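K.L.:
Protein chains in written order, with the working numbering: chain U, 1 to 102; chain G, 1 to 600.
Hints in this document: simulated from the structure, not taken from any laboratory.
Since the structure is predicted, the reported quantities are computational estimates derived from the model, not experimental observations.
You may find that some hints are simply not true.
Below, in silico cross-link-like pairs of lysine-lysine (DSSO-like), each with a Cα-Cα straight-line distance of 30 Å or less [unchecked claim]:
| no. | chain 1 | residue 1 | chain 2 | residue 2 |
| --- | --- | --- | --- | --- |
| 1 | U | 12 | G | 244 |
| 2 | G | 303 | U | 12 |
| 3 | G | 244 | U | 40 |
| 4 | G | 244 | U | 60 |
| 5 | G | 311 | U | 12 |
| 6 | G | 242 | U | 12 |
| 7 | U | 40 | G | 242 |
| 8 | G | 132 | U | 45 |
Distance ranges between label pairs, derived from CB positions [what the hints assert, rightly or not]:
| no. | chain 1 | residue 1 | chain 2 | residue 2 | range |
| --- | --- | --- | --- | --- | --- |
| 9 | U | 9 | G | 224 | 34 to 40 Å |
| 10 | U | 31 | G | 587 | 36 to 42 Å |
| 11 | U | 21 | G | 125 | 50 to 56 Å |
| 12 | G | 332 | U | 21 | 49 to 55 Å |
| 13 | U | 66 | G | 573 | 28 to 34 Å |
Ideal Cβ positions, reconstructed from N, Cα and C, are used throughout, including at glycine.
Below are the chains, spelled out letter by letter.
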Amino acid sequence: MIEIHLYGNLRKLVAGSTCSEDTLLEKEYIEGETFEELIKRLDLKLSDLGDCFIDGTLAKKDHIIKDQARVALFPFNMVLLCGGQHLKGHGYTKKDIDVNYY
Amino acid sequence: MTAKILRINMQNLTSTWEDLPENYETLAGRAFTSTIISEEVEPTCHPLGPDNKFVISPGLLAGTVAPSSGRLSVGGKSPLTGTIKEANAGGLTATKLGRLGIRGIIIEDKPPKDTKDWFSIVITKDNCEVKKTNEYANKGIYDLITQIWKDYPNKPGIIGCGIAGQRLSPNSGVFGNNIENTDPGRYAGRGGLGAVLASKRIVVIISDDSGGSTPKAQNKEKFKEAAKDLTEALNAHPVTGKLKDENGNAFGGLKNYGTNVLMNILNEAGGLPTKNFSRGRFEQAAKISGEAVHELVEETKEKFGEAAEGKYGHPCHPGCVMACSNVVPYADSGKAHVSPLEYESAWALGANCEISDLYTVAELNRLCNDLGLDTIETGNTVAMFMEAGIIEFGDGEAAINLLKEVYDEKSVSGRLITSGALIAGKALGVSRIPVVKGQALPAYDPRPIRGIGVTYATSTMGADHTSGYTIAAEILGIKGEVTDPRDIEKSDLSRNFQATTAYIDSSGYCVFIAFCILDDESGMGGMIETVNAFLGKEIDIGEYGMAILAKERKFNKAAGFTKADDRLPEFFYKEPLPPHNVTFDVKDEELDKVFEGLTS
Chain U
1 MIEIHLYGNL
11 RKLVAGSTCS
21 EDTLLEKEYI
31 EGETFEELIK
41 RLDLKLSDLG
51 DCFIDGTLAK
61 KDHIIKDQAR
71 VALFPFNMVL
81 LCGGQHLKGH
91 GYTKKDIDVN
101 YY
Chain G
1 MTAKILRINM
11 QNLTSTWEDL
21 PENYETLAGR
31 AFTSTIISEE
41 VEPTCHPLGP
51 DNKFVISPGL
61 LAGTVAPSSG
71 RLSVGGKSPL
81 TGTIKEANAG
91 GLTATKLGRL
101 GIRGIIIEDK
111 PPKDTKDWFS
121 IVITKDNCEV
131 KKTNEYANKG
141 IYDLITQIWK
151 DYPNKPGIIG
161 CGIAGQRLSP
171 NSGVFGNNIE
181 NTDPGRYAGR
191 GGLGAVLASK
201 RIVVIISDDS
211 GGSTPKAQNK
221 EKFKEAAKDL
231 TEALNAHPVT
241 GKLKDENGNA
251 FGGLKNYGTN
261 VLMNILNEAG
271 GLPTKNFSRG
281 RFEQAAKISG
291 EAVHELVEET
301 KEKFGEAAEG
311 KYGHPCHPGC
321 VMACSNVVPY
331 ADSGKAHVSP
341 LEYESAWALG
351 ANCEISDLYT
361 VAELNRLCND
371 LGLDTIETGN
381 TVAMFMEAGI
391 IEFGDGEAAI
401 NLLKEVYDEK
411 SVSGRLITSG
421 ALIAGKALGV
431 SRIPVVKGQA
441 LPAYDPRPIR
451 GIGVTYATST
461 MGADHTSGYT
471 IAAEILGIKG
481 EVTDPRDIEK
491 SDLSRNFQAT
501 TAYIDSSGYC
511 VFIAFCILDD
521 ESGMGGMIET
531 VNAFLGKEID
541 IGEYGMAILA
551 KERKFNKAAG
561 FTKADDRLPE
571 FFYKEPLPPH
581 NVTFDVKDEE
591 LDKVFEGLTS
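Kindly generate the complete structure, drawing on both the sequences and the hints.
P.N.:
As structure tokens, this is what we get:
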């Protein structure tokens, strides 16, 4: 079994959910399933997602999900606030390259 | 209109206007406050004595049409940390000062020792008055700002100190009124600058921009175009953008959920400090999250219709297009309870004290706003009382009663709350006191996210997340290169972030413009070009930021700070934090590398 915590507009996957409580969805564990495959199984698209985590670590689409994993799904408009300090030392924007997450 | 400096002497209650020196032309916000402090204040002086100065400066673009650029910096030597200090906030005052052509206000000296009177500074176009206003002192700040708008019908900007500051307490912020004057919650909260202002017997600074005008850019056309680019980029971005999409669904993350969108995210990342930094997850985080506030606002709107006062998508200063502030309503009346409830405050007064009731957290925040307390320092200080067993973790009612003690001048508990986490923790026999240079840590545990720990340790201001906010870069990476938040070599990352932050803190821009800057070339160009077009010269962000840091480090060194002060408390190195079960493993040499070789 895997435990999926849903946030923002993804809470709608669980009927009667409320923002002031944890919205939990339990799904059967499938051996070797990747994060991307799990998202498909939930009828979601990667573009629907913001920052997501598997056991507290940023989820990437090819991550294999282990049995008993805690998966957290945030929608596209829920991401960490970066604060504007990336400008120096990185010097570029994300738009012109392929990111290795969604 | 040439920018001016207003210098006020509180020994003889006089003021003078000075032309902005040529070498100050590019300095505003933090660059201005830190330059004045480093050049005019003796680093070893007592922070509450006559030799310290209280410096105010609107960001460079405050009062212009550049979006989200109305931040105000205040600075001085901090009574909490003993270091140089700059704190900034939104509110009305930066815009008013910008429109009055004031680049900075320097308040120096203090009235004779036996003076019992309290004063207000009233600034209007080309004029400044120092007024005796004892009726404004020793009063809750909600009542104070209401009174001032009755006394001054032109809806002025107000900044000042509350009861905590007036008792010269290290845990005291500088409040600012919000646009509607319904809440004093626009706080430059950190570092006890409220007490510095009060040491000069000043309660409030009132600014009325009647007759003022929009500051003019050197290159008007270029400025207008760049501001337009930045506005468009901000509006289009899913984090900083519009409230609803074309189907009426929630779109912009900040407008809908505010900064407290982070509560659930940090909780899932395992970096949400809980129960005085004992673990990285709070099981009840959802109850005090930005989503919960959004839901409460919706429920009260439905129930009370037009009488409902709760809001999300609320701007913290005129011209802010991101509008990440909120007004938390009372559930049983729909009336405004507190504004704003930010992530850091909800964390400090909630998760860190294991308090999971949204009303209680909002009430604790309201009390801080009324008393003139910094919410981050206060939450950490309440946690000291809990760690010591004086009150129980999770006991919200006891926490509210504890803060109410502050109204009683003779309450020792109240005095400890206004003293901050370090003094309260020591007085109560607590060994796990989360402070750096005397300032309590904010809402990101440095053990699973090491770069922010490097910033806490090495910041010129004591533990401060805004000094160099590495969080997203560590967890999400930049340009597709996801760095490991558990990586321990973070000196370059932290230094670069600290330098860029110093630039942004000087521009007047809010740090959250970063989303579109990162994701959209025109957004990034918009920010840089507005600053360059305003000044009529090219500014190198890194050089500008490092120059500020160099001045601040030099001041701190002369004040007696050494490498040994650039460290986290011992328990972060020794106690593993669940769920990642890691300690802060960054070596001292790595911390020392952050500012190695930096000279002013």
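K.L.:
Taking the hints in turn, state whether each one holds.
P.N.:
Here is how each hint holds up against the structure:
{"no.": "1", "hint": "U:12 to G:244", "in the structure": "holds (17 Å)"}
{"no.": "2", "hint": "G:303 to U:12", "in the structure": "holds (22 Å)"}
{"no.": "3", "hint": "G:244 to U:40", "in the structure": "holds (26 Å)"}
{"no.": "4", "hint": "G:244 to U:60", "in the structure": "holds (28 Å)"}
{"no.": "5", "hint": "G:311 to U:12", "in the structure": "holds (23 Å)"}
{"no.": "6", "hint": "G:242 to U:12", "in the structure": "holds (22 Å)"}
{"no.": "7", "hint": "U:40 to G:242", "in the structure": "holds (28 Å)"}
{"no.": "8", "hint": "G:132 to U:45", "in the structure": "violated (64 Å)"}
{"no.": "9", "hint": "U:9 to G:224: 34 to 40 Å", "in the structure": "holds (37 Å)"}
{"no.": "10", "hint": "U:31 to G:587: 36 to 42 Å", "in the structure": "holds (40 Å)"}
{"no.": "11", "hint": "U:21 to G:125: 50 to 56 Å", "in the structure": "holds (53 Å)"}
{"no.": "12", "hint": "G:332 to U:21: 49 to 55 Å", "in the structure": "violated (20 Å)"}
{"no.": "13", "hint": "U:66 to G:573: 28 to 34 Å", "in the structure": "holds (30 Å)"}
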